[in-house]
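*Asks:* Residues per chain, in single letters:
Number of protein chains: 2
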Amino acid sequence: MSKKGNTIFFKRPPRILSYAAVCGSKEKEGIIGSYADITLDDDMYGEDTYEKAECKMLSAAISLAVKKSGKREQDIDVLLSGDLLNQIISASFAARDYDFPFLGVYSACSTMSESILLGSALIGGGFADTAVCATGSHFASAERQYRYPLELGCTRPPQSQWTVTGAGGLVLGRADRGIKVVCATMGRVCDYGVTDVNNMGAAMAPAAADTIMRHFKDTDTEPADYDLILTGDLGALGSRIVKDLTWEKGYDISSNHVDCGEIIYKVIESEFQGGSGAGCSATVLNSYILTRMEAGLYKRVLFAATGALLSTVSSGQGESIPCISHAVRLEI
Amino acid sequence: MSKKGNTIFFKRPPRILSYAAVCGSKEKEGIIGSYADITLDDDMYGEDTYEKAECKMLSAAISLAVKKSGKREQDIDVLLSGDLLNQIISASFAARDYDFPFLGVYSACSTMSESILLGSALIGGGFADTAVCATGSHFASAERQYRYPLELGCTRPPQSQWTVTGAGGLVLGRADRGIKVVCATMGRVCDYGVTDVNNMGAAMAPAAADTIMRHFKDTDTEPADYDLILTGDLGALGSRIVKDLTWEKGYDISSNHVDCGEIIYKVIESEFQGGSGAGCSATVLNSYILTRMEAGLYKRVLFAATGALLSTVSSGQGESIPCISHAVRLEI
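Which chain is which? The protein sequence lines are V and R, in order. Counting along the first sequence from 1, when you hit position 129 you're at 139 in the numbering used here, and nothing is skipped either side. Counting along the second sequence from 1, when you hit position 259 you're at 269 in the numbering used here, and nothing is skipped either side.
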């Protein structure tokens, strides 16, 4: 049995054979700009709708990751993907262009880590040789679906985050070298009663803290064992909350915790909290982080993407926001 | 390596420890009425919104399946679930009530087989001892989200299907006896260009045919090797199409193919085509079919649930309907 608590272990860890990221015009001004494979000048990406642009970014990330892996498309055993759009249409429509099977997954902005977790399990169990894990988001399609039409010009409260326009993907497989997926912790749904849909960071922080601390316990490790504890898109405020929540339980992650949403833009906290969206952790991981891991700058990274499992209907009916975080440990 | 083509094999097949189904007032008049664990007189299930009623049905199916398995909740390693509502809120909100981890999956009405496939892979790979796989749907929440408000009283075209009000779930695990999940075939996205959102059966039939025929090839079997080839919710018309499509390729499934959507109601084809929705195959499988398998009436069943991966946005933007079918082979 390759599990302890909620953590699964890979005796022969799958490797990240390749990775790719596509990002939008706002995102390329930030930290990932010089690391992403494709940076857009026009966020419409030559398409006539936001949704098609989002799908095209995801397709580009998948195709590019496959190409960089040296594998042919017929060598890919499965694609695991999902996204924020209703019925995960970006992933489904992207998958339509490939001959390999597709397993749709959804955990909002923690889809990147859920897909890596499941892809690694399929490879670790001997059910696949190669798996593509990918996700993305688009600012304009997310605003239209979750909030207001852009044309309305609504102001944004200071606790809000900016949905990242971008997509990232990676190819998992067998190799003698490269970044390993050593183990993964499956997230539980946490709901601390936050109802403010503009404050996702506060809603998601408890789920991130829960998963990170269970990962420490299940693997007998502590914060200092990691070069980086990377959450998905808590933003600046959420990042502070997760540090507090873990500190209260005796884990000091303040010196090595970084949040993808906090670093992707130049954050001015009085204005907004940083990036969010499934594309946030997907682009940061699949460009900046994995490049630096390969360069030896980080040897062991705990990647805990975070997702808010709400919908406009659930919030409209007065529900609070259940959240989740799945974590994967990467080593080189 | 436990795979061939797109099919994965379980050397030590996980067993179905228990199953449970909840169905609505219309559904209990049909074939599953005397097999479902809970049958509702009022489809609101004591809740004040359709969505909450859907979530409550799913929770009931999960809790009942766990109870019938003889396991305690703390023995459950993971819940795999998804549903048709935007951002799979039924599954996410149901998962909130449990302490075990949650992996959200989405492949529309083939979510039941995708969750069994992934749950079996987690158990087969040694990453879990027990997994709950569940999904559901509700006629009224689906109508509101995908079509028209019920209050509008729109007429339905004869090629349309009726979204099933119901939920079903099962517990996979290790045991010496019971129904085995022997192997599973991962679906590919098929899109034959159907754009009529009222004709899901025609849209999904090619995906079902593709997966069923690849299953035959990957496992060196033929239609006569199965007591039942069970599709998800093609309805009466889609069922005829899948028989035609497989017959054209040399596979005659006409004598042992049955569609959950076709049998769940008393279908009058000039009126409508039968049931659909993630709850359709979930309730039929987790009541009528598994009960009859346990009674020895079917020894080998290929369960190929089918999903239409559209959204109102994709259809509104003129897109055709990509479809998928994941198949699992059950034996006793």
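Don't read these hints as lab results, they were simulated from the structure. Hints may be right or wrong, so weigh each one.
One copy or two, it doesn't matter: identical chains are merged, so the pair holds either way.
[As the list claims (entries may be wrong)] In silico lysine-lysine, PhoX-like type, Cα no more than 25 angstroms apart, as pairs:
#1 Lys14 - Lys77
#2 Lys38 - Lys78
#3 Lys190 - Lys259
#4 Lys13 - Lys190
*Asks:* Is it within, between, both, or neither for Lys14 and Lys77, if the alpha carbons may be no more than 25 angstroms apart?
*Replies:* between (36 angstroms within a copy, 23 angstroms between copies)
*Asks:* Given identical chains, is Lys190 near Lys259, meaning Cα to Cα at most 25 angstroms, within a copy, between copies, both, or neither?
*Replies:* neither (29 angstroms within a copy, 43 angstroms between copies)
*Asks:* Is it within, between, both or neither when you check Lys13 against Lys190 at 25 angstroms Cα-Cα?
*Replies:* both (17 angstroms within a copy, 22 angstroms between copies)
*Asks:* Go through the copies and call it for Lys38 and Lys78: within, between, both or neither, with a Cα cutoff of 25 angstroms.
*Replies:* within (21 angstroms within a copy, 53 angstroms between copies)
When held up to the earlier numbered hints, the structure conflicts with hint 3 and nothing else.
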